[in-house]
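The primary structure of each chain is shown beneath.
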Amino acid sequence: MQILLIEDDIALVDALKKTLVYEGFLVNHLSKGSQAIAMVKTELPDMVILDLGLPDMNGLEVLRALREVSSELPILILTARSSLEDKITGLDLGADDYLAKPFDVNELLARIRVIERRASSLKHAGLTIGEVSIDSVSHQVKVAGDIVTMSRREFMLLKALMENAGRVLTRSSLESKLYSWGEEVASNSIEVHIHHVRKKMPPKFIQTLRGVGYIIKLV
Amino acid sequence: MKSIRTYLLLALLAIITIVTFLSALHGYQSGIDKVDELFDQRLRELAEIIVDANHDTSKRDNRATAIKPSVFYQIFSKQNVLLVRSENAPDWLLFEPTQKAGFKDVNYSGYRWRTYQLIDERLKRWVLTAERIDLRYGLADTIVSTVILPTVLAVPIVASIIWLAIGIGLRPLKELVSQLNNKRADDLTPIFIRDTPDELTQLITTINSLFNRLNEGFIREQQFSADAAHELRTPISALKVQMHNVKQSQPKNGVDLQPLSEGIERMGHVVEQILSLYRNTSDQAAQKQVRNDFYALAQDCIANEYSQLDLKKQQISLQGDSPCWLMGDRFALETLLQNLITNAIKYSPNNGTIQVSLHQEELDVKLIVEDSGLGIAEKDYERVFERFYRVSGDQHASGVLGCGLGLAIVKHIVVMYNANIKLSSSDTLGGLKVVVCFPQLRLNA
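Chain order of the listed sequences is G and R.
Each residue of the first sequence is one higher than the last, beginning at 18 in my numbering.
Each residue of the second sequence is one higher than the last, beginning at 261 in my numbering.
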């Protein structure tokens, strides 16, 4: 996977490059927003890590320009400003994820993996965690090689949790992934679906944080 | 001085009264003198007319008809024999006549009289005309008073006009005060008043330049905060990534990097805490009041801390009312939740339990965070909210590194929202129990 890193702090760039290369990614680096926009236009990377504090232009402007080039390009925002406005605007402008500095390296890697998994499931490559694998084209779920049948909503639920493996998904964020706007959602519908999915999965595959949400841990 | 308006009114009235009084006094005095002169002239003319009209040179018994009770006349021969007199005149000589014509005041029949003596050389006799002085003064008084009285009566009218005029004159000042009063805490835009009087121009210019400087100060401060955040967080990120790389590439039995790693973590933590203390000011809180689902904020906060929870294999549960509406600045509420929850995670042992609950009650919104850690001794309940205070200093029993700002920040936010915070021991879990009550006043639902 080829990552375009847009960041102007050389010390951070050097360290990040080393980490990401070690993790098996290909990394290209640019320190200016204008260069990045030009670069993306000629060759689309698999993913962009964008720092919002760039020397030549506002990071959010860069984000908007990148989105104009490609609507599917996964973009992860890094920023030293933890202000909520930046975060909301960033996500509104189509960033896939948002990480505030100083971030934990493992957290960054986890988020890159989530994006990677989402991208790969979009490219119909399927997704496997532990004994469970899903194929988003055929909507097929296999547990330890055996095919398991699932309803559409159960499949979407499992897919969302697997794509975000390692992160807690709150009930409300799952609802927004499963139901469209204005659709009536019973207060316990997510619990009911989780209950059904869980029965078909290996034990402890889906874990509950009581009152908060659910998580599938990375193995 | 309570009110400029009252002061000006009283001062002006006092001045006007004194000046009016003095000028009235002076007017009265000169009026009386003038009237006196006029009366004297009349008395003389009367004498002249009598001399012209009366030609008696011998004694005449019958008394001439009286002119007026206040006026009388006598005609004497050169030898001081009374020839004719008016009815009310005495039949004796009131005083020894002089050789020259002139005025003289005499007493007669209980009154004071003004007399004029005219010598008639042609008929060898002299004439005395007299007028009662008290009546003269009475008349003079009336004449002068009718002139002066209106100015005295005008004082109350003048007072009310002055009152209104001062009111109009002070209107720009009043407007200035109301503009200043209506200004929001964060509004540092210049003041503008139509038709500014010269006296206020300087004041308004000064106020505006003060606002301007204050505004620049705030912008600088915000800029500093943002710059500091950027300048500190980026190198700390770089340090953390470098640390991660060093750990990756180092052989298993190499140098112990744990202290270094912890040092970096700690530095990052302190920087974050100081920045968040700096960011949560009550002015900001006042302007960013929005309706938040406190329950959803708590869910996000717990989800964000999952890696720490997982690392210590701790059980966490969130219960209570969903949604739970609370007015406030989202950043401040998130900071509060995050500090309380990370504290619970930090100070609870591995495999510990943490319970977070939220209740929307009639009078308040109640947040309770309980853990199964060591808790805090009752004597330290007050002190833990002090900045940079840590129970047992750096030899904290849990062995957890901290900077002693977490609860200070929590307290700061609690005070900002007129909420109250109470520490106690958890009955169910055995550790610390933190209860925060936000008054319902903030609620919109």
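To be clear, the hints were calculated from the coordinates, so they are not data collected in a lab.
Each residue gets a CB set at the ideal place from its N, CA and C atoms; glycine is no exception.
Among the clues, some could well be false.
Facing chain G, a subset of chain R residues (Cβ under 10 angstroms, in silico) [as the list claims (entries may be wrong)]:
| # | residue |
| --- | --- |
| 1 | Ile278 |
| 2 | Thr494 |
| 3 | Pro495 |
| 4 | Asp560 |
| 5 | Gln579 |
| 6 | Val660 |
| 7 | Gly664 |
| 8 | Leu689 |
Each hint tested on the structure:
Because the closest C-beta pair between R/Ile278 and chain G is about 67 angstroms apart, greater than 10 angstroms, the hint is violated. The beta carbon of R/Thr494 comes within 5 angstroms of a beta carbon in chain G, closer than 10 angstroms, and the hint placing it at the interface holds. Of the supplied interface hints, the one on R/Pro495 holds, with its beta-carbon coming within about 7 angstroms of a beta-carbon of chain G, less than 10 angstroms. Restraint check, R/Asp560 versus chain G: the minimum CB separation of about 7 angstroms is within 10 angstroms; hint holds.
The restraint placing R/Gln579 at the interface with chain G holds, with a minimum CB-CB distance near 5 angstroms, inside the 10 angstroms limit. Taking 10 angstroms as the C-beta contact cut-off toward chain G, the hint placing R/Val660 at the interface is violated, the least distance being around 17 angstroms. Checking R/Gly664 against chain G by beta carbon gives a least distance of about 20 angstroms; that is not within 10 angstroms, so the hint is violated. At about 14 angstroms, the closest approach between the beta carbon of R/Leu689 and any beta carbon in chain G exceeds 10 angstroms, and the interface hint on this residue is violated.
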